[in-house]
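Protein chains: 2
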Amino acid sequence: MRVALVTVGDELLSGDTVNTNAAWLSEKLTDRGVSVERVTTVPDDVADIARVVNEYRAEHDAVIVTGGLGPTHDDVTMAGVAAAVGRDLEPHAEAREWLTGEGGYSADGLVDGTTDLPARARMLPNSEGVAPGAVVEGIYVLPGVPSEMKAMFEQVAEEFSGTETFTTVVDVDEPESELVDRLAEVQRKFDVTVGSYPGDSVRVKFTATDESVVEEAAAWLTSKVDLVDGA
Amino acid sequence: MRVALVTVGDELLSGDTVNTNAAWLSEKLTDRGVSVERVTTVPDDVADIARVVNEYRAEHDAVIVTGGLGPTHDDVTMAGVAAAVGRDLEPHAEAREWLTGEGGYSADGLVDGTTDLPARARMLPNSEGVAPGAVVEGIYVLPGVPSEMKAMFEQVAEEFSGTETFTTVVDVDEPESELVDRLAEVQRKFDVTVGSYPGDSVRVKFTATDESVVEEAAAWLTSKVDLVDGA
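For the record, the sequence lines run as chains U and L.
Just so we're aligned: 74 in our numbering is position 74 of the first sequence, and the numbers increase by one with no gaps anywhere.
Just so we're aligned: 131 in our numbering is position 131 of the second sequence, and the numbers increase by one with no gaps anywhere.
These aren't lab readings, by the way, just hints derived from the structure by calculation.
Incorrect hints may appear among the rest.
As the list claims (entries may be wrong) - What follows is a set of in silico ranges between Cβ atoms, one per label pair, in the way DEER data are often shown: (1) L:Thr222 to U:Asp112: 18 to 28 Å; (2) L:Glu94 to U:Asp229: 30 to 40 Å; (3) U:Ala119 to L:Leu227: 38 to 48 Å; (4) L:Phe166 to U:Asp191: 52 to 62 Å; (5) U:Gly101 to L:Gln187: 41 to 51 Å; (6) L:Pro91 to U:Arg87: 45 to 55 Å; (7) L:Glu59 to U:Pro146: 45 to 55 Å.
Using N, Cα and C, we set each Cβ at its ideal position, and we do this for glycine too.
Hey, can you work out the whole structure from these sequences and the hints?
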């Protein structure tokens, strides 16, 4: 399963907020064997959201959109998603029912627009806040507030699945530039994906669908390099 | 000036790494009055990088690409950027000169590929690491290691400029849903961009090119809401 994430918000594009939602979702999806192929941040703008969501849904099995839900003027994500799929944005009866029932809000207190979702979308209740989420044509629309986003994702997590992969890391105490030949060799010898991430040391990460293969690859490299002390 | 950021790396798409580079660059660019319009993460894949960079350079004044520089097999960003602009990837004489001179590396120690840049690119020396950066056709290619990326960006920061904007925030101790009418009113009364970001409280952010306007808008809202204690 191939997925793209679209994170909506001017506060992300101005650097006011670090995009921890994207990292959290990416990790959850990767753990489920799903391949995350794009993460894109767009402004609070209906046309930008519609365009990117529409492009990505054509090329992925699902698109997860976070941020920009709610009744204020800068919350335009539902309008953008509705435009992407060519549907009207309209009050969603089930969303109102949930909010005024289990949600515990009074009908009088609900601001206009709170329950507006793309027509015929599946509503996702928000156990941690007001704004409901939605699923429509493989597009999952979640809030931007991390606690709300996480709780809502867990409701639909089982709809995301793929081939389980296994990962092993080896922390190497040599400059990355000196490892080039050995990294090329380990990739030739074993059916693994090899990533190398330089920092104070070099973290080499092996990924494969066969657990024994990543272990064999890691053991081979371990025998050929200087390891970080204590690793 | 309108800019897009492309952050390259499988480790970002698996959630292993939080994209702090994007937040840092976005903040620096916003402070310079530059509008950041997209931040997109793509895998370590030549075709993906080439496609996204090519699309974004057509629509923005500049594209900044970070990550995936270096000589190992998963460092393919320079090849992707070269493909985006239809140039060969070739050893860059000035990069070799810098590395073996000011950089302090021995010519024998340089791994093949270290100095490969898109043909006729401007080389950006890496004061904190080995891999050089490049500028070609409005595309700025920087390393992914944060210390290296930051130092290299500072070399070119003055090439990014726009209209200075001013920002004021008001932290409101009311539910966002109750603020809808006042937020709409403040936006009607003043020539400002209004963002509202709910968390424990609601942070309302005013942005405009005229400092006095953001202050007047903030003063107006401040007089109409319950403020967070101590704010």
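Going through the hints against the structure:
no.	hint	verdict
1	L:Thr222 to U:Asp112: 18 to 28 Å	holds, 25 Å
2	L:Glu94 to U:Asp229: 30 to 40 Å	holds, 38 Å
3	U:Ala119 to L:Leu227: 38 to 48 Å	holds, 39 Å
4	L:Phe166 to U:Asp191: 52 to 62 Å	holds, 56 Å
5	U:Gly101 to L:Gln187: 41 to 51 Å	violated, 33 Å
6	L:Pro91 to U:Arg87: 45 to 55 Å	holds, 54 Å
7	L:Glu59 to U:Pro146: 45 to 55 Å	violated, 30 Å
In terms of the numbered hints stated before, the structure departs from hints 5 and 7, listed from lowest to highest.
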